[in-house]
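With the sequences and hints as input, model every part of the structure.
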Amino acid sequence: MKHRIATHWPAIMFSAIMLATVIVGCTPSSDGPGSGGSGSGGSGSGGSNGGGSIDDGPPGGDIDVSEIPGPGDDVTLQIDSPRLAAGKVTLPAGANLSLNRLRLVSGADDQPIESSGAFDTNTYSVWPSLVSVVDANNNVVLFGFINSGIDEVVDAKTTAAALIFLGMGAWTLPPDEFYGILSDISSLDECDALAEVIAQEMTRDPLAIANGSEAIDASLAAALEAMVSGAAFESSFAKRAQSHMRTIAPGDPFLIVNPSAPQSGISLILDSSAPEFTVRNGYRRPAVMYRVQTGYDDASGEHVELPVVDPIGDPIEIPSANTLTTSSVRLSTLFSPNLSSHWRPT
Numbered sequence: 001m002k003h004r005i006a007t008h009w010p011a012i013m014f015s016a017i018m019l020a021t022v023i024v025g026c027t028p029s030s031d032g033p034g035s036g037g038s039g040s041g042g043s044g045s046g047g048s049n050g051g052g053s054i055d056d057g058p059p060g061g062d063i064d065v066s067e068i069p070g071p072g073d074d075v076t077l078q079i080d081s082p083r084l085a086a087g088k089v090t091l092p093a094g095a096n097l098s099l100n101r102l103r104l105v106s107g108a109d110d111q112p113i114e115s116s117g118a119f120d121t122n123t124y125s126v127w128p129s130l131v132s133v134v135d136a137n138n139n140v141v142l143f144g145f146i147n148s149g150i151d152e153v154v155d156a157k158t159t160a161a162a163l164i165f166l167g168m169g170a171w172t173l174p175p176d177e178f179y180g181i182l183s184d185i186s187s188l189d190e191c192d193a194l195a196e197v198i199a200q201e202m203t204r205d206p207l208a209i210a211n212g213s214e215a216i217d218a219s220l221a222a223a224l225e226a227m228v229s230g231a232a233f234e235s236s237f238a239k240r241a242q243s244h245m246r247t248i249a250p251g252d253p254f255l256i257v258n259p260s261a262p263q264s265g266i267s268l269i270l271d272s273s274a275p276e277f278t279v280r281n282g283y284r285r286p287a288v289m290y291r292v293q294t295g296y297d298d299a300s301g302e303h304v305e306l307p308v309v310d311p312i313g314d315p316i317e318i319p320s321a322n323t324l325t326t327s328s329v330r331l332s333t334l335f336s337p338n339l340s341s342h343w344r345p346t
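Everything in the sequence shown is counted per my numbering, starting at 1 for the first residue and increasing by one.
Hints are computed from structural coordinates only; laboratory data are not their basis.
Note that the Cβ used here is the ideal one computed from N, Cα and C, for glycine as well.
A portion of the hints provided could be inaccurate.
What the hints assert, rightly or not - Simulated crosslink set (DMTMM-like; lysine to aspartate or glutamate; CA at most 25 Å straight-line): (1) Lys-88 to Asp-120; (2) Lys-157 to Asp-110; (3) Lys-88 to Asp-151; (4) Lys-157 to Asp-192; (5) Lys-88 to Asp-109; (6) Lys-157 to Asp-120; (7) Lys-157 to Asp-109; (8) Lys-157 to Glu-196; (9) Lys-157 to Asp-205; (10) Lys-157 to Glu-114; (11) Lys-157 to Glu-225; (12) Lys-88 to Glu-114; (13) Lys-157 to Glu-234; (14) Lys-88 to Glu-196; (15) Lys-157 to Asp-135; (16) Lys-88 to Asp-135; (17) Lys-88 to Asp-155; (18) Lys-157 to Asp-217; (19) Lys-88 to Glu-234; (20) Lys-157 to Glu-214; (21) Lys-88 to Asp-110; (22) Lys-157 to Asp-189; (23) Lys-157 to Asp-176; (24) Lys-88 to Asp-205; (25) Lys-88 to Glu-225.
Claimed, not checked - Cβ-Cβ distance ranges computed for the label pairs, FRET-style: (26) Trp-171 to Pro-262: 26 to 32 Å; (27) Asn-138 to Pro-259: 57 to 63 Å; (28) Ser-320 to Ser-98: 49 to 55 Å.
As structure tokens, then:
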């Protein structure tokens, strides 16, 4: 049996900083380590440098900063050489703008857009990168996240998805989750609705994104609220599920979970298309799952209870809800009310 272990909680991304600390003013005595605490009741006077002030400075003179170590060869940067991305910008129908007067700006490039909307640009990241379509005065017209590749699109829909992504604070997730989260956002009815509002507002004001729009603000707020309440996932995710999942006849499931309610924060989420389940930890403490056999049905169909439970496989470590695995997070689980403190938009 295959078990997919997952926790669903956003983790704040950290940048690794190599900090070199120089300790000065304390020289070891001849009595060896810890001698300062061995006499007179363990007062620790041996580490006081003869009672001198801490402002006296180190006896060895100035510090040579050239001797402070820097990042080692094992430090790898995710921002390295530029990566080519190509695609097309599509303006909403009725937006009074000329594509060949616009530019596509990324963190690594600034390129003109052809009259057909085609563009070639560079990005620094292997993950989805934010790009902006700007006019001659650097007013943002549209924007979105693109990948280093071809056939990328920047339009009202990518702008809507990016607004929701930024509005929910999803940049704090691990970068390798961006693609999946953006894909989930794009599939929401609320994202389609926001894209329609953006297109309508741009027919009124081509620079509605830069100048601001109460209609866009209201639609974005409604999308975020629908995600918090769960209404967004009851609509879009349920509709897609019918086309991606095999129907299991009543009374013939692959697995049965009893009780189905979370136990001490641990939930078993069944996969209705395969004999698999996902273990979800909703509490901010790790856990361990043990699998045991308590009985079986014999050849005649009679159920036999084992006098002693029989362990199956090894224990499975389940990280706390503060830890986010990099293979299973979905947009809906970030807002799950089953979590002890579920995700809130910023």
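Status of each hint after checking the structure:
Restraint check for Lys-88 and Asp-120: satisfied, since their Cα atoms lie roughly 9 Å apart, inside the 25 Å limit. Proposed proximity of Lys-157 and Asp-110 is supported: the alpha carbons are some 22 Å apart, at most 25 Å. For the hint pairing Lys-88 with Asp-151, the CA-to-CA distance comes to about 7 Å; that is within 25 Å, so the pair holds. Restraint check: the Cα-Cα separation between Lys-157 and Asp-192 comes to about 7 Å, which is no more than 25 Å; the hinted pair holds.
The suggested pairing of Lys-88 with Asp-109 holds, with an alpha-carbon distance near 16 Å, which does not exceed 25 Å. At most 25 Å may separate the alpha-carbon atoms for a hinted pair to count; Lys-157 and Asp-120 meet this at roughly 20 Å. A C-alpha spacing of about 23 Å is found between Lys-157 and Asp-109, which places the hinted pair at or below 25 Å, so the restraint holds. For the hint pairing Lys-157 with Glu-196, the CA-to-CA distance comes to about 8 Å; that is within 25 Å, so the pair holds.
With a C-alpha separation of about 17 Å, the suggested pairing of Lys-157 with Asp-205 holds against the 25 Å cut-off. For the hint pairing Lys-157 with Glu-114, the CA-to-CA distance comes to about 20 Å; that is within 25 Å, so the pair holds. Our distance criterion of 25 Å between C-alpha atoms is met by Lys-157 and Glu-225, whose separation comes to about 19 Å. About 9 Å separates the Cα atoms of Lys-88 and Glu-114, which keeps this hinted pair within 25 Å; it holds.
At roughly 21 Å between alpha-carbon atoms, Lys-157 and Glu-234 fall within 25 Å of each other, so this suggested pair holds. Distance hint between Lys-88 and Glu-196 is fulfilled; the C-alpha atoms sit about 19 Å from each other, no more than 25 Å. With a C-alpha separation of about 19 Å, the suggested pairing of Lys-157 with Asp-135 holds against the 25 Å cut-off. Restraint check: the Cα-Cα separation between Lys-88 and Asp-135 comes to about 16 Å, which is no more than 25 Å; the hinted pair holds.
The hinted pair formed by Lys-88 and Asp-155 meets the criterion: a straight-line CA distance of about 9 Å does not exceed 25 Å. Distance hint between Lys-157 and Asp-217 is fulfilled; the C-alpha atoms sit about 15 Å from each other, no more than 25 Å. Proposed proximity of Lys-88 and Glu-234 is contradicted: the alpha carbons are some 32 Å apart, above 25 Å. At roughly 18 Å between alpha-carbon atoms, Lys-157 and Glu-214 fall within 25 Å of each other, so this suggested pair holds.
For the hint pairing Lys-88 with Asp-110, the CA-to-CA distance comes to about 15 Å; that is within 25 Å, so the pair holds. Among the hinted pairs, Lys-157 with Asp-189 is consistent with the structure: their alpha-carbon atoms are about 11 Å apart, no more than 25 Å. Restraint check for Lys-157 and Asp-176: satisfied, since their Cα atoms lie roughly 22 Å apart, inside the 25 Å limit. Between Lys-88 and Asp-205 the CA atoms are separated by roughly 22 Å; this keeps the pair inside 25 Å, and the hint holds.
A distance of roughly 31 Å separates the Cα atoms of Lys-88 and Glu-225; the hinted pair therefore is violated under the 25 Å criterion. As the Cβ distance of Trp-171 to Pro-262 is approximately 29 Å, the hint placing it in 26 to 32 Å holds. Range check, Asn-138 to Pro-259: Cβ separation about 58 Å, and the 57 to 63 Å hint holds. Checked against the given bound of 49 to 55 Å, the beta carbons of Ser-320 and Ser-98, roughly 53 Å apart, stay inside it.
Violated hints for the displayed structure, listed by number in ascending order: 19 and 25.
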